[in-house]
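A.B. asks: Sequence:
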Amino acid sequence: MIFVKGLTMNENSEKITDLINYTFENRKKEYDFSEIPDYNIFVEHQILKITNKVSQYLEINFDSILFNEILLSIAETELNTKLPDDIINALLFVDDFENILKKRYQVETLSNEFRNLINGLKVFTLTILNNRFSIYDFYVEFINDKKQKRKNRSDFVELYFQFLLVSNFNEEIILKSCVEYNNSEKHPTNYTNRFLNQLGETNSKYATQLYNYIIESDTISYYNFIPNLLIGLYNSGHTEAFNNAKKLLAKNNNMAMKSFSGFVINTSSEIKELFENISLIESINIETVHLKSLLFCMLIENDKTSSEIKKKCIIEILELLKSEDHNIANTVFQNVQYNLDNHEYEKYRLLNIYLNNTKNFSVIKYFFHNFKNPQYLFDILIRNYDASGFRGSIDLFKNSLNHFSDTNKEETEELILDLFNIRSYSLLAVKIILSTHSGIYRVNLLKLSKKESQLFAIDSICNYPHSIDNLLPLLLKLKESNFKEVKDYLQTKLAELIFEVYHESLLNLIKKNLTNSKKDKDFLIPLQKAFEEYCKMREFKAKINDLNPRENERNLMDLYYRLEHENQAKMMKNINMDENSFLSMCKNMIIVRGRAWKNEDSEEILPLGLIESSMMVDTRAYKNPTVYEQNLENF
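If you read the sequence shown in the numbering used here, its first letter stands for residue 4, the second for the next number, and so on.
One should not assume that every hint holds.
When the alpha-carbon atoms are kept at most 25 Å apart in a straight line, the in silico SDA-like pairs for lysine to any residue are as follows [as the list claims (entries may be wrong)]:
1) Lys539 <-> Asn551
2) Lys189 <-> Glu243
3) Lys152 <-> Asn173
4) Lys275 <-> Ile223
5) Lys524 <-> Asn551
6) Lys105 <-> Gln59
7) Lys154 <-> Gln59
8) Lys496 <-> Lys532
9) Lys362 <-> Arg352
10) Lys105 <-> Tyr225
11) Lys368 <-> Lys450
12) Lys18 <-> Lys32
13) Lys450 <-> Ile385
14) Lys454 <-> Lys401
15) Lys401 <-> Leu95
16) Lys208 <-> Gln49
17) Lys150 <-> Thr80
18) Lys434 <-> Asn551
19) Lys412 <-> Asn360
20) Lys105 <-> Leu94
21) Lys149 <-> Asn83
22) Lys487 <-> Asn551
23) Lys208 <-> Gln59
24) Lys532 <-> Ala572
25) Lys314 <-> Tyr225
26) Lys412 <-> Lys434
27) Lys453 <-> Leu479
Calculated from the structure, these hints are not laboratory results.
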């Protein structure tokens, strides 16, 4: 046992035991100086350490040999047994000690500090056992044993790498351990990347030694570890890592660029130097292109980068997006999409360059998800509408419209309403209003300040091919318009729709959306009159047999139904023969009295659920489709 200078054996044990018990009871990370008497002795012997914060506190050094010797002695006393001689049972021994602590202090899960204490003890047991046999050999065998549970593997790996650092193993063993771990995992790099990255902050001396060892040994299999070592060092204030990454450019471009990609660079001189260096690298393969474009994006996003360098970075990206090799363009565009968040104008401009080159319009679906300003989405919506007309699909834009409706509702509504200012785009506005996954986008048409815009809104909604039932609440807002001409025109168009298109269905919907006020009753008078005129016309036409399809087209209708029944019979036969079809399950179901059903494999009777969907469709679309489509395209 190691002793604190000036204290007897019992005094050593008692003071450290008191500290351990105090840790058990408080379970916190930081302690005031006043909480621990004789703290200066513990600090001197590295049992406690002083934090480097402005307001200084004490922290327990859970890697302290003296601390863990006493802690192990306490564990052996509590468990009434000595530390086992093999690794598995030794770790289980510490787990048993942990369970005793949980019960004693009535905690289901230990705090981070308590967990660090237990892990520190486990690491200490590994250092003891390493004198008897190789922990490295056990580690290699353990991680390659596929029968081990994943949690057990990850817990031991964490302990093992902590043990390597505490025990001051040589660089070769640490790097070989990283390689072994990566070889044993399907997606290996997460842990080793984190471990090597954190070394720069927690043990910069070790991180530097590992980097120098890799460079001097020139072992190719270790080169992948360089970026995380340099990133950890640079971001912890060891700026010499920047020069090391520069030197690495001569040996391995990609490893150097991976290192730079993790640096949080805050000096304009280093930014300029980085840009000049990566601009000289030839885009010889996809990985190089990816790293170059990623670094250009990062420089653009960096507030310390001058406007001149930002412009040069955009030009570099632009040229890569124009590449005849679409794999290069696709790789660069992914970095533009996910790494340029604060330069929306430039990002949108680069999207247009990419689309002109690749014609890969599918990227639009998720491109705007990190945007804050919806104006760029509406710009491309308008250009798409100009190119493809009314019947062109806007499905690619639906997700982005939902995104802006959630994140910037007011400006999105304003941009939708702006479309009503131009008659030719007012149908696009209605299409956008209906494009949400559920319901409609609730825009207030009364916010349209111009009379013409309100008239265009009435025209576009009343001429839209479907969903008047969903649009009606928005449209009826205009009966409160400040313009008498708008209110009169609204009545005229609704009366026209009732007479020619939707008849009683629309009239009933309008009534549901009105109140019993005199104003609303007066609004309803011409609409009711239009329906009465329709009823008179229908009654008159019903008396003319030449207009009755049941009389003059009976033979054609009979032929149609015979052919329809024949086609349905063939289709059902084919479906029933297909064991993978949905209806193949239905043939094994029994409908009970038309209100319930049960499967032949179960006696449980379940009620039939109501599944329905409806949409009001403009009858002019099928009465005279050619004229109707022409009117829509020329709207």
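A.B. asks: Look at each hint and say if it fits the structure.
C.D. replies: Hint-by-hint comparison with the structure:
1. Lys539 <-> Asn551: holds (16 Å)
2. Lys189 <-> Glu243: Measuring from Cα to Cα gives roughly 34 Å; hence the hint is violated.
3. Lys152 <-> Asn173: Status violated; Cα separation ~29 Å.
4. Lys275 <-> Ile223: violated (30 Å)
5. Lys524 <-> Asn551: violated (36 Å)
6. Lys105 <-> Gln59: Outside the cut-off at roughly 30 Å; violated.
7. Lys154 <-> Gln59: violated (36 Å)
8. Lys496 <-> Lys532: Distance of about 13 Å is within 25 Å: holds.
9. Lys362 <-> Arg352: Given pair Lys362, Arg352 holds - Cα atoms ~15 Å apart, limit 25 Å.
10. Lys105 <-> Tyr225: violated (42 Å)
11. Lys368 <-> Lys450: violated (29 Å)
12. Lys18 <-> Lys32: holds (19 Å)
13. Lys450 <-> Ile385: holds (21 Å)
14. Lys454 <-> Lys401: Violated, at roughly 29 Å.
15. Lys401 <-> Leu95: Not OK: Lys401 and Leu95 at ~55 Å, beyond 25 Å, violated.
16. Lys208 <-> Gln49: holds (18 Å)
17. Lys150 <-> Thr80: violated (34 Å)
18. Lys434 <-> Asn551: violated (36 Å)
19. Lys412 <-> Asn360: Status violated; Cα separation ~33 Å.
20. Lys105 <-> Leu94: Since the Cα atoms of Lys105 and Leu94 sit roughly 17 Å apart, the hinted pair holds (cutoff 25 Å).
21. Lys149 <-> Asn83: This hinted pair is violated, its Cα atoms lying about 34 Å apart.
22. Lys487 <-> Asn551: violated (42 Å)
23. Lys208 <-> Gln59: Holds. Lys208 to Gln59 sits at ~24 Å (cutoff 25 Å).
24. Lys532 <-> Ala572: With Cα atoms ~47 Å apart, Lys532 and Ala572 exceed 25 Å; violated.
25. Lys314 <-> Tyr225: With a Cα-Cα distance of about 37 Å, the restraint between Lys314 and Tyr225 is violated, given a limit of 25 Å.
26. Lys412 <-> Lys434: holds (17 Å)
27. Lys453 <-> Leu479: Holds - the C-alpha atoms of Leu479 and Lys453 are around 17 Å apart, at most 25 Å.
In terms of the numbered hints stated before, the structure departs from hints 2, 3, 4, 5, 6, 7, 10, 11, 14, 15, 17, 18, 19, 21, 22, 24, 25, listed from lowest to highest.
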